[in-house]
Amino acid sequence: MPTDSAVRALADVPREPGAAKPDPIVVADDVVRRFGGMTAVDVQHVEIQRGAITALIGPNGAGKTTFFNLLTGFDKPSSGTWTFEGRSLHGLPAARVARKGMVRTFQLTKALSRMTVIENMRLGAGSQPGENLFTALVPPLWRAREREITEQAEELLVRFKLDHHRDSFAGSLSGGQRKLLEMARALMSKPTMVMLDEPMAGVNPALTQSLLGHIQALRDDGMTVLFVEHDMHMVRHISDWVIVMAEGRIVAEGPPETVMQDPAVVDAYLGAHHDTDLGDDALLSDDVAEQLEAEVQAEEEKR
Amino acid sequence: MDWTNLLVNVAGEIIAPTTAAYALAAIGLNIHFGLTGLLNMGQAGFLLLGAYGFAIATIAGWPLWAAVLAAILAAVVFALILGIPTLKLRGDYLAIVTIAAAEIVRIVGRSTTLTDLTGASSGLRGNSYKHTFQDASPFPDGTWELGPFEYAINASNSWWIRIVGWGVVALACLLIWLLMRSPWGRVLKGIREDEDAVRSLGKNVYAYKMQSLVLGGVIGAVAGIIYVLPRAVQPDAMGRSMTFFIWTILLLGGAATVFGPILGSMLFWAALMLIKLVMRGTVPETVMRSEQIEQFGWIIVGITLMLLVIFRPQGILGDKKELAINAH
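Same order as they appear, the protein sequences are chains R and E.
All letters in the first sequence, in the order written, are residues 1 to 303 by our numbering.
All letters in the second sequence, in the order written, are residues 1 to 328 by our numbering.
Next up, chain R with everything else stripped away, as it sits in the complex (with noise of 0.2 Å):
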């Protein structure tokens, strides 16, 4: 459940898209990217706050993960600009944008799967001297420097509980584990926000638990969330705020428990079954799976 600290600061935000909030870390304005004639992403304002879980929904192709691409330096936009922490980020690298403190980890996971567990940790260090090619040659220049790294790196595991498998290759682990140690090793940088695109992708659902917890923790040790998602538990149980997209734009914003029932939400995402509530449990059972599939198909033989 939401921390109340998170929850209190956004109570007063208007539920409207591109609302202001108290205390943002990510203004964007004007955020346009267009792949030839199509436009996937067309953000006219949205801000992110700062020390919250922020969810990002929307339909297949609403171009959530294009937007966070754009954000994160992996993509160019063709027009607009955006500032993190009151800085902006426009036309930085990844690799920049990293450095300043926004880490991002994938929808494919991206362990790097010949090498060790806590390779990969340290990889996700940052100010390694060693990490220069000259002063690689000198190992006393970075070895307290490294010591440091492998101490912040056995604990994340430890508390990941990934440390029995340290010395294993990454690509030996499930894929659950490899999601725990992408989020562990994008955690060595010590990052002021953590974004996440789709965390909960192809991840085994006795592991699900652990990570929502980890991605509460993100939180209340002070860390911003953001994560693109599609599985509505999750939205549900984790976030403070709903950024709903469809179509590249941002449609609906608000708390969790009410942004399903907005008009926008529910004409843009839900289309015909909109009297339904996604979130709901009994969505999942087969009964109402079937029911759904049959109506699905005495829609297309209407046609």
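Some hints here could point you the wrong way.
What the hints assert, rightly or not - The calculated DSSO-like cross-link candidates involving lysine-lysine, where the alpha carbons are at most 27 Å apart (straight line), are:
#1 R:Lys76 to E:Lys88
#2 R:Lys161 to R:Lys21
#3 R:Lys161 to R:Lys76
#4 R:Lys76 to R:Lys21
#5 R:Lys100 to R:Lys21
#6 E:Lys88 to R:Lys100
As the list claims (entries may be wrong) - Each pair of labels, with its calculated beta carbon distance range:
#7 E:Asp196 to R:Asp221: 38 to 44 Å
#8 E:Leu175 to R:Val158: 22 to 28 Å
#9 R:Asp29 to E:Leu175: 46 to 52 Å
#10 E:Ser122 to R:Arg143: 51 to 57 Å
#11 R:Pro93 to E:Pro138: 47 to 53 Å
#12 E:Ala95 to R:Arg143: 50 to 56 Å
#13 R:Ser78 to E:Ile81: 56 to 62 Å
#14 E:Leu307 to R:Ser78: 49 to 55 Å
#15 R:Arg143 to E:Asp196: 56 to 62 Å
#16 R:His230 to E:Leu175: 44 to 50 Å
#17 E:Ile81 to R:Glu300: 55 to 61 Å
FYI, nobody ran anything at the bench for these hints, they're computed from the structure.
Treat the numbers as computed from the prediction; the structure is a model and nothing was measured.
Each residue gets a CB set at the ideal place from its N, CA and C atoms; glycine is no exception.
Once you've looked at the hints, dock chain E against the given chain R.
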């Protein structure tokens, strides 16, 4: 057939300057491919540029150290020209550009418009640029015998070039050993696995790839100097086939290992010599003439490269466990 003579010849290949030069070239390629995952298909271009740089500078009257520096500088400039446009693109582009660029170096080198500088297709005679290197030898002139091996001490295919050649190989190994264990090497390894992931961790991937390309290329250029010191600079001897020999050597010994390139080079040249000598001794002239046997040896190289990639991609010294994991 004279078996002792055959074994001496085969063993002689193991310590030959050519073997050292190829080992060094493979060490350079190991930085590109084994450590960083860059597909450099034009390593011979770096060797040829190094050879030209050294020979032309020496002929122009430069001292030894300056000529070596000229070779290194040529490799750095070449690497930058190759890297600036291609390293931001996907890996395959580098492969295409490097193979083309190495051919450009060779074709420009053998073009008649540059006859005064490069000697066109006939190249540069060894005696025109060997003197500074030979004069640098601290040993007296003459020949020296060690067991079955007898070579001149300083002249041409000498003990001196063997000592220097293998000394440089040892230094390069030490460099690789240090780098592979350093955080710098770790970033390269990460780039080999997935460069977007490394980028998301705040590392300037482009700069690291460029450093790797330059460093491996410089080692290639030094290999080129060692390669041409006992012979002449022949542009056509340093073309695509040389690049593929270097690849075979690297994959045979094991990419991403410290001693793989050395073991690969020694095995490669010794095996080639063994095949040639045994066939010359056993296959009658009517079946295969000796120059055909030479060609046959190269066919075997090609087949070996294919079999290696299919059945033992980790080479002799590589970590099988590491390669058993699919990279993605």
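So, against the hints stated earlier in the document, which numbers end up violated here? 2, 3, 7, 8, 12, 13, 15
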